[in-house]
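Keeping their order, the protein sequence lines are chains H and L. In this text, residue positions in the first sequence follow the working numbering: the first is 641, and each later residue adds one. In this text, residue positions in the second sequence follow the working numbering: the first is 641, and each later residue adds one.
For the record, the hints were derived by calculation from the structure and aren't laboratory data. Backbone N, C-alpha and C fix where the C-beta goes; we use that ideal spot for every residue, glycine too. It is possible that some hints are incorrect.
Ranges of calculated distance between the beta carbons of each label pair, as one might list FRET restraints [claimed, not checked]: (1) H:930 x L:884: 48 to 56 Å; (2) L:930 x H:932: 45 to 53 Å; (3) L:649 x H:671: 54 to 62 Å; (4) L:735 x H:1003: 51 to 59 Å; (5) H:765 x L:983: 31 to 39 Å; (6) L:707 x H:1022: 36 to 44 Å; (7) L:735 x H:932: 39 to 47 Å; (8) H:851 x L:930: 28 to 36 Å; (9) L:851 x H:932: 32 to 40 Å; (10) L:994 x H:970: 37 to 45 Å.
Simulated coverage check for chain L against chain H, where a stretch passes if three residues somewhere in it have a Cβ under 8 Å from a Cβ of chain H [stated by the list, open to error]: (11) 673–687; (12) 833–843; (13) 956–967; (14) 991–1001; (15) 1017–1026.
Going by beta-carbon spacing under 7 Å, a handful of chain L positions derived as facing chain H [said to hold, decoys possible]: (16) 852; (17) 855; (18) 869; (19) 950.
Protein chains: 2
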Amino acid sequence: MSKGITIIPGGITAPRGFQAAGVAAGIKSDKRDMALLVTDTPAVIAGVFTTNRVQAAPVQLCRERLAARQACAIIVNSGNANTCTGADGMRAARRMTQLTADLLQLEEHTVFVCSTGTIGRPLPMDKIEAGIRLAVTSLSPTGGADAATAIMTTDTRPKQVAAEVEIDGKLVTLGGMAKGSGMIHPNMATLLVFLTTDAAVEAQALQDCLAAAVDRSFNRISVDGDRSTNDTALFLANGAAQNAPLDRRHPRWKAFCAAVNALTGELARQIVKDGEGATKLVTVTVRSAPGKRSAEKVARAVANSLLVKTSWFGADPNWGRVICAVGYAGVPVNPDRIDIAYNGQFAVRGGQPVGLAPEILHAIIAKPEFGIEIDLHLGRSTYSMTTCDCSDAYVHINASYMT
Amino acid sequence: MSKGITIIPGGITAPRGFQAAGVAAGIKSDKRDMALLVTDTPAVIAGVFTTNRVQAAPVQLCRERLAARQACAIIVNSGNANTCTGADGMRAARRMTQLTADLLQLEEHTVFVCSTGTIGRPLPMDKIEAGIRLAVTSLSPTGGADAATAIMTTDTRPKQVAAEVEIDGKLVTLGGMAKGSGMIHPNMATLLVFLTTDAAVEAQALQDCLAAAVDRSFNRISVDGDRSTNDTALFLANGAAQNAPLDRRHPRWKAFCAAVNALTGELARQIVKDGEGATKLVTVTVRSAPGKRSAEKVARAVANSLLVKTSWFGADPNWGRVICAVGYAGVPVNPDRIDIAYNGQFAVRGGQPVGLAPEILHAIIAKPEFGIEIDLHLGRSTYSMTTCDCSDAYVHINASYMT
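Bound conformation, chain H alone (with noise of 0.2 Å):
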């Protein structure tokens, strides 16, 4: 990790100021279903929010009081995603983050609220209620964990990562957790992610930071391309480490940055290798093509390619059909100019099987981890994706999940 970034153990809680947990409160029976976050002292929030046309109740509220750019807590229940829940579903995201803040004597508008699971279902708000009060009499400074598994749907395991920079000559800790696993794909896919930082962060320059590090992670992740209607990204900032305020004039602002990136990657690569029934994490990147969009656009169609994916999981080192979704991404590509290499072993180039042996291929694509590269040759515009194979798991996973 480079610029004096190390990463630590932990989670949301380890820097200092924060507390956290994760309790069941049997929305999806035993399991823990809600985590609660919360700051001693009130920080400044950023946010990112699903693109999704349809957005739940409480991405819609989070985005009315991110205007004031002031936290003190989050709530998030999983199990419910509390979309297309009309006016009575606002009704029970005001009301969550209402009864968060009487217990904790804050102010309502400084309270954030998150869900995620099915659409369409009333919250069972007795339920609910009672989980946070079970919450808020849980909370610890070591409650990371605990939380990073109560926001947990088909995750199978929960996700976190903390990492330390200096700043000021303080140690500045940051912390995030994040669930995804079905539904996943550019633009904020049925994500929650939630970060915190003991640094103190102007609040603009903390909403920069985290809009380019979710454009630089989640936005280039891709398990199956569906993009749900819940996604959130908070990012959290108490200055409890007392550091001179961040922004973009700082001269350490951009390791502070860079300690985000490496904490959003991390979570964003977690994301993928639990993807839905996922056994590979393949990076697909697109070089020398004629602008950023295009390249874009080459890297989204072949990560997205059903055929392509069952291929990975087939072992298959089928190019022939990463070369088709590279034709039909919509981007005027010569086929005759197109190279594909897998780990930097040629397998095409200029649009012709180079006669690689199949063994020396077959072996790259048995393994857990590797990359597609595909030069088009016409241009500088480099774009790079994150995406798994597509299993029979998937499939059993997304059959069985109910309404």
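Got chain H sorted already, so can you dock chain L onto it with the hints?
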């Protein structure tokens, strides 16, 4: 069937003056893998091709020859796509038409060629040439069924259809066959479609009729969202019925086009029903969209959503995934106006569930064929797509189909 169109048994050799053969040339172990279609007298030809930027050699050759609008034969192989094969691939495609022309004493430019199968491998020309010789000696006025079998790749059944319609007091016959099962996506997927008629049809009218029929049928089906490098639809009209040549001004033009639409619609349905691993045929209809393009985008988003398709396989009426796909289709929908119905039974009105009994929805989703109607209440445009569920068998088929 309206307008005096009668569906009859048979396929491409149902119309007068056509012969066909389907033989085993050894490209795909011991299965039939080469088809030949010949018209006794020169036919007018129309063609529609893949929009993929990477195009197989035979596609390039067909495009070139289509300009003259005249055809006497089509030679087809399965098991090898002759794509990404460079100058050798183009030479091989030409050689296929040259040998066919020589053996049948035709002019080479009136012979068309199609290939389907694996990308990036040289055609086994010894086998191909022996196959052409065998096909020529096997030609028969009842060879349509054999030809329909020979063009299959992962298809589990041959697809053919024929119909009769009266024009100028003469009985005109139309026939068709198609292959396609994976890589099925709007804008001509791994589809080969061959249509024949003994009607006399003016060349440009035939082209317009075919393009419109393809747009209404094959461009509105989806199995997995991948678009192939080899898609081709060819339509031969040999005039053996001796009607006054059909064009837009002919009083029976609409009846003829309706018959063509009946054929392509039926072949498209057969393709989706035989979609790789498909167990259900689902029609997605979007109504009251602000424009046709918007209606189409929403229908495609739903019909291609992997989460939606796997829920159908699980017999789960997960309308939450449907409305989620509507939301990310890139159309400015108003979530509070969206209605969703299954076979006419409303599950959602105004963006919220109406409390329809789950048993009713489950019973609909359990059927082998059902429809989902999405009303956006934003305008007057409608668009329909036919799609299928995504099962674990899809993954198995595509993980094992080798490079």
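We went through each hint and held it up to the structure:
About 51 Å separates the C-beta atoms of residue 930 (chain H) and residue 884 (chain L), a value consistent with the hinted range of 48 to 56 Å. For the pair residue 930 (chain L) and residue 932 (chain H), the beta carbons lie near 30 Å from each other, so the given range of 45 to 53 Å is not met. At about 58 Å, the CB distance of residue 649 (chain L) to residue 671 (chain H) agrees with the hint of 54 to 62 Å. Restraint check, residue 735 (chain L) to residue 1003 (chain H): a C-beta distance of roughly 36 Å breaks the suggested window 51 to 59 Å.
The supplied range of 31 to 39 Å is met by residue 765 (chain H) and residue 983 (chain L), whose beta-carbon atoms lie about 33 Å from each other. Between residue 707 (chain L) and residue 1022 (chain H) the beta carbon distance is about 40 Å. The supplied range of 36 to 44 Å therefore holds. The given range of 39 to 47 Å is respected by residue 735 (chain L) and residue 932 (chain H), whose C-beta atoms sit roughly 43 Å from each other. At roughly 30 Å, the beta-carbon separation of residue 851 (chain H) and residue 930 (chain L) lies within the given 28 to 36 Å, and the hint holds.
In this structure, residue 851 (chain L) and residue 932 (chain H) meet the distance hint of 32 to 40 Å, their C-beta atoms being roughly 35 Å apart. The supplied range of 37 to 45 Å is met by residue 994 (chain L) and residue 970 (chain H), whose beta-carbon atoms lie about 38 Å from each other. Counting residues of the segment 673–687 of chain L whose beta carbon lies closer than 8 Å to any beta carbon of chain H gives 0, which falls short of the minimum of three for the stated coverage. Chain H is given as covering the segment 833–843 of chain L, and this is violated because 0 residues of the stretch bring a CB closer than 8 Å to a CB of that chain, at least three being needed.
Coverage of the segment 956–967 of chain L by chain H holds. Counting CB-CB distances below 8 Å, 11 residues qualify, and the rule asks for three or more. Check on the segment 991–1001 of chain L: 4 of its residues sit with their Cβ under 8 Å from a Cβ of chain H, so the three-residue criterion for coverage holds. Judged by the Cβ-Cβ criterion of 8 Å, the segment 1017–1026 of chain L is not covered by chain H as claimed, because only 0 of its residues qualify and three are needed. Given hint, residue 852 (chain L) at the interface with chain H, is violated; its Cβ is 22 Å from that chain's nearest Cβ, farther than 7 Å.
Against a cut-off of 7 Å between C-beta atoms, the interface hint on residue 855 (chain L) is violated, since the closest Cβ of chain H lies about 17 Å away. The beta carbon of residue 869 (chain L) is positioned within 7 Å of a beta carbon in chain H (closest approach about 5 Å), and the interface hint is therefore held. For the restraint placing residue 950 (chain L) at the interface with chain H, the shortest Cβ-Cβ distance is roughly 4 Å, inside the 7 Å limit, so the hint holds.
Hints 2, 4, 11, 12, 15, 16, 17, counting from the list given before, are not met by this structure.
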